[in-house]
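Colleague: Chain by chain, the residues run as shown.
Protein chains: 2
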Amino acid sequence: MSAPSDLSSKLDEASAAYEEFASRGLALDITRGKPAPEQLDLAADLLTAVNGDDFRSPGGVDTRNYGGLDGLIELREIFAPLLKVPADQLLAGGNASLTFMTQALTFALMHGTAVDDRPWGQGPHKLLCPVPGYDRHFTLAESLGFELLTIPMDDEGPIISEAQRLAEDPAVKGMWLVPMYSNPTGITVTEARARELAAMPTAAPDFTLLWDNAYAVHHLREDHPDNLDILSLCAEAGHPERAWVFASTSKITHAGAGVSFFAGGPATVDWMRANLGKVAIGPDKINQLRHVRFFSDSAGVEVHMRKHAEIVAPKFDAVLKALEDGLGAEELAQWTSPDGGYFITLTTMEGISDRVVKLAGEAGVKLTPAGATHPYGLDPNNNIIRIAPTMPTLDEVELAAQGLVACVRLASYEKLLAG
Amino acid sequence: MSAPSDLSSKLDEASAAYEEFASRGLALDITRGKPAPEQLDLAADLLTAVNGDDFRSPGGVDTRNYGGLDGLIELREIFAPLLKVPADQLLAGGNASLTFMTQALTFALMHGTAVDDRPWGQGPHKLLCPVPGYDRHFTLAESLGFELLTIPMDDEGPIISEAQRLAEDPAVKGMWLVPMYSNPTGITVTEARARELAAMPTAAPDFTLLWDNAYAVHHLREDHPDNLDILSLCAEAGHPERAWVFASTSKITHAGAGVSFFAGGPATVDWMRANLGKVAIGPDKINQLRHVRFFSDSAGVEVHMRKHAEIVAPKFDAVLKALEDGLGAEELAQWTSPDGGYFITLTTMEGISDRVVKLAGEAGVKLTPAGATHPYGLDPNNNIIRIAPTMPTLDEVELAAQGLVACVRLASYEKLLAG
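Here the protein sequences line up with chains Z and E, keeping their order.
Sequential numbering from 1 applies to the first sequence in full-length UniProt numbering.
Sequential numbering from 1 applies to the second sequence in full-length UniProt numbering.
No lab work stands behind these hints: they were computed from the structure.
Heads up, a few of these hints could be off.
[Claimed, not checked] Here are the simulated distance ranges between beta carbons:
{"hint": "1", "chain 1": "Z", "residue 1": "Ala313", "chain 2": "E", "residue 2": "Ala299", "range": "16 to 26 Å"}
{"hint": "2", "chain 1": "E", "residue 1": "Asp6", "chain 2": "Z", "residue 2": "Pro119", "range": "56 to 66 Å"}
{"hint": "3", "chain 1": "E", "residue 1": "Tyr376", "chain 2": "Z", "residue 2": "Pro266", "range": "24 to 34 Å"}
{"hint": "4", "chain 1": "Z", "residue 1": "Gly277", "chain 2": "E", "residue 2": "Ser161", "range": "44 to 54 Å"}
{"hint": "5", "chain 1": "E", "residue 1": "Glu362", "chain 2": "Z", "residue 2": "Pro266", "range": "48 to 58 Å"}
{"hint": "6", "chain 1": "Z", "residue 1": "Asp169", "chain 2": "E", "residue 2": "Tyr376", "range": "33 to 43 Å"}
{"hint": "7", "chain 1": "Z", "residue 1": "Gly67", "chain 2": "E", "residue 2": "Asp88", "range": "30 to 40 Å"}
{"hint": "8", "chain 1": "E", "residue 1": "Asn51", "chain 2": "Z", "residue 2": "Ser337", "range": "33 to 43 Å"}
{"hint": "9", "chain 1": "E", "residue 1": "Gly361", "chain 2": "Z", "residue 2": "Asp169", "range": "20 to 30 Å"}
{"hint": "10", "chain 1": "Z", "residue 1": "Pro119", "chain 2": "E", "residue 2": "Glu168", "range": "28 to 38 Å"}
{"hint": "11", "chain 1": "Z", "residue 1": "Arg221", "chain 2": "E", "residue 2": "Asp54", "range": "26 to 36 Å"}
{"hint": "12", "chain 1": "E", "residue 1": "Lys366", "chain 2": "Z", "residue 2": "Arg221", "range": "50 to 60 Å"}
{"hint": "13", "chain 1": "Z", "residue 1": "Arg221", "chain 2": "E", "residue 2": "Asp297", "range": "31 to 41 Å"}
{"hint": "14", "chain 1": "Z", "residue 1": "Gly67", "chain 2": "E", "residue 2": "Asp395", "range": "16 to 26 Å"}
[Stated by the list, open to error] With a cut-off of at most 20 Å between alpha-carbon atoms, the simulated EDC-like pairs for lysine to aspartate or glutamate come out as follows:
{"hint": "15", "chain 1": "E", "residue 1": "Lys307", "chain 2": "Z", "residue 2": "Asp53"}
{"hint": "16", "chain 1": "Z", "residue 1": "Lys278", "chain 2": "E", "residue 2": "Glu147"}
{"hint": "17", "chain 1": "Z", "residue 1": "Lys10", "chain 2": "Z", "residue 2": "Asp317"}
{"hint": "18", "chain 1": "E", "residue 1": "Lys278", "chain 2": "Z", "residue 2": "Glu147"}
{"hint": "19", "chain 1": "E", "residue 1": "Lys278", "chain 2": "Z", "residue 2": "Glu330"}
{"hint": "20", "chain 1": "Z", "residue 1": "Lys278", "chain 2": "E", "residue 2": "Asp135"}
Here the structure is a predicted model, which is why all the values come from computation and not from measurement.
A virtual CB, placed ideally from N, CA and C, is assigned to each residue, including glycine.
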């Protein structure tokens with residue numbers, strides 16, 4: 001690229017810029033995909049939507065008492081069209097879709113699935129993990145004894161040829177996937193790629209797409225991709241039970257006090273119900289009724305999400321502008337530009353993302369640890385950084401992005417000069 | 001006992017009384033331990049205790065966002081003295097202690113315990129089940145692959161000699177127990193018996209008391225037994241990690257929308273935290289804050305429980321009076337007379353409880369299926385009936401108890417005449 005003397009002066013500039021940033025003594029944090037307080041304020045009225053005089057669901061259920069394993073039907077009817085699943089194949093649960101994921105995987109390990117009653121846990125069991133991906137998916141699966149196999153992604157989703165090759169092993173039981181505004185790249189699986197995933201031959205008869213639709217309605221732009229009807233795509237491909245759909249309102253209403261969802265093929269939902277009935281009495285129906293009243297209908301959710309976008313989109317734009325201004329001209333890195341979700345992925349030169357994270361930490365910008373986006377925390381190219389711009393204020397996000405740019409510039413010129 | 005002709009006329013009388021009752025065409029249900037609506041009303045103010053302007057815990061936590069795996073410390077401090085556990089060894093969770101039970105047992109099956117890291121699931125695993133006991137305990141454990149071994153109880157708790165004999169098998173990993181106002185007998189484990197359970201030699205180094213303190217504060221009488229400090233008793237006996245304590249507010253505030261608790265020895269709580277951190281982000285802290293504000297302190301819980309007793313105790317008394325009036329003179333059955341909890345156990349003559357349940361169902365009184373109080377639904381003596389008097393109105397409870405008495409009288413004289 002440039003001559004050594006040019007690089008040397010670039011490094012000096014980058015180093016000076018970094019030192020200037022670090023000298024400000026800031027304390028910024030763009031590590032986790034948490035909603036900002038202003039986003040949580042949007043659902044303030046939900047908190048008092050059920051009171052001691054008015055606690056019955058539209059269908060007449062006393063939400064304060066036991067029972068109702070499926071969750072309130074009125075809540076399922078609001079979210080079913082948004083998730084593109086039939087309401088009678090949608091269950092509503094507690095405050096975390098991670099619980100549904102844990103339960104479904106544990107049931108499969110202990111009892112097999114709706115398709116094959118041989119328990120996954122009786123032999124070796126592996127999951128495909130498109131990378132970069134969501135650290136909690138990997139941690140959960142590892143804790144349940146799955147071996148995690150990484151597969152690459154492109155802009156349309158996981159690379160099918162690689163998935164198919166690995167799925168020739170009957171121990172490969174499924175694949176994690178955040179199909180819409182993927183954590184952390186923000187890419188959305190295309191319908192064509194989803195059809196391939198639905199149809200893909202696999203050695204395990206109950207190969208399962210762990211379809212974590214965490215950002216199904218989390219659009220940031222007027223123009224955005226459509227949610228996919230993965231259950232129908234799977235059914236059309238002859239695998240009606242292949243997808244397990246997960247979602248929650250954690251980033252719609254209140255993180256940690258929302259409601260979660262599970263959907264699947266008809267037999268899978270029966271299987272889930274039968275297994276859940278042995279370990280659970282029922283979800284918090286009062287909180288489900290709060291959600292029913294707060295949203296009224298599916299359109300109410302969409303209106304609500306546009307208010308989120310008004311808060312979140314400027315933060316995404318601030319990061320993208322800082323990256324373009326600071327790194328674009330010299331092409332020192334690449335980054336995704338999502339239409340929704342909670343994350344931007346920055347791809348640095350190979351071998352320096354850990355250095356960038358370290359520099360940033362020392363300069364007062366906390367970043368997700370390098371490697372967190374990969375199974376076992378191992379990013380083989382050491383070049384992926386997840387940016388989570390939602391939680392800080394817009395001013396803080398702008399500052400943090402400037403700091404991040406300074407770190408990438410410094411680490412990049414260090415590498416170029418060394419290499 | 002009586003001469004055949006006496007018995008024959010008794011049977012005629014019993015039959016006529018039963019037919020008279022059945023002819024009323026009632027529809028009564030004393031099957032499940034659900035709180036009555038009036039009990040749920042007691043916690044009405046809890047529902048609006050957190051609103052959009054006032055959502056921070058006393059310690060300053062924004063309860064609307066992610067995090068806080070242990071649960072709110074202020075809630076744990078309210079319930080720790082009531083459960084006789086240290087607050088820093090008490091975790092507060094979601095809406096069901098059954099979830100904590102499932103999680104703890106699943107972690108032990110997959111990863112071993114704080115005492116022994118050999119996964120229980122790697123070999124045969126069995127649990128001791130004092131009978132009669134709680135059907136959901138049995139169903140849960142069976143679904144997790146445990147073999148269930150019944151052991152008898154007396155008025156002070158499980159029979160130690162039998163427990164100890166069975167625990168010579170290293171596959172015996174623990175024992176279910178509802179120590180206070182046991183489901184369904186209502187008996188409370190004495191301190192002497194608890195000390196024996198704490199000290200009992202077992203082949204499994206991590207033999208665990210599954211101490212489900214579901215009715216820890218559910219007293220019905222002024223005079224009542226004290227809660228036991230089982231963690232200290234276990235520590236004094238040299239087994240500081242032996243007890244896992246479970247509890248919830250399901251029958252304190254709102255069934256299905258309460259908060260749950262887990263406590264254990266210091267290493268066990270660390271073990272639980274570490275494992276939970278891989279499958280959960282944190283409980284619904286907003287609901288926990290509602291509970292903190294509603295109760296204020298431990299005394300607030302006790303005051304609240306006296307209001308429950310005012311509603312529940314007359315229903316227990318109505319059942320006890322009907323049993324005494326209808327069955328006492330002829331000693332046709334025995335029953336427990338609990339000082340708290342949700343259940344009365346009726347012990348009929350051997351071999352007729354299924355007949356009583358069937359007769360009652362046909363006469364409009366729904367009873368818990370015979371056998372439900374035993375593992376695998378098998379009551380070998382066919383003589384145990386669980387009575388759950390809380391949910392119906394007092395009038396309905398009185399009627400149901402009269403109907404039950406009529407059924408027991410009829411089935412008893414049928415048996416006496418046949419035998």
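Colleague: Each hint: holds or not?
Modeller: Do the hints match the structure? See the list:
| no. | hint | verdict |
| --- | --- | --- |
| 1 | Z:Ala313 x E:Ala299: 16 to 26 Å | 50 Å, violated |
| 2 | E:Asp6 x Z:Pro119: 56 to 66 Å | 59 Å, holds |
| 3 | E:Tyr376 x Z:Pro266: 24 to 34 Å | 30 Å, holds |
| 4 | Z:Gly277 x E:Ser161: 44 to 54 Å | 36 Å, violated |
| 5 | E:Glu362 x Z:Pro266: 48 to 58 Å | 36 Å, violated |
| 6 | Z:Asp169 x E:Tyr376: 33 to 43 Å | 38 Å, holds |
| 7 | Z:Gly67 x E:Asp88: 30 to 40 Å | 34 Å, holds |
| 8 | E:Asn51 x Z:Ser337: 33 to 43 Å | 38 Å, holds |
| 9 | E:Gly361 x Z:Asp169: 20 to 30 Å | 53 Å, violated |
| 10 | Z:Pro119 x E:Glu168: 28 to 38 Å | 29 Å, holds |
| 11 | Z:Arg221 x E:Asp54: 26 to 36 Å | 35 Å, holds |
| 12 | E:Lys366 x Z:Arg221: 50 to 60 Å | 56 Å, holds |
| 13 | Z:Arg221 x E:Asp297: 31 to 41 Å | 50 Å, violated |
| 14 | Z:Gly67 x E:Asp395: 16 to 26 Å | 23 Å, holds |
| 15 | E:Lys307 x Z:Asp53 | 19 Å, holds |
| 16 | Z:Lys278 x E:Glu147 | 15 Å, holds |
| 17 | Z:Lys10 x Z:Asp317 | 27 Å, violated |
| 18 | E:Lys278 x Z:Glu147 | 15 Å, holds |
| 19 | E:Lys278 x Z:Glu330 | 41 Å, violated |
| 20 | Z:Lys278 x E:Asp135 | 10 Å, holds |
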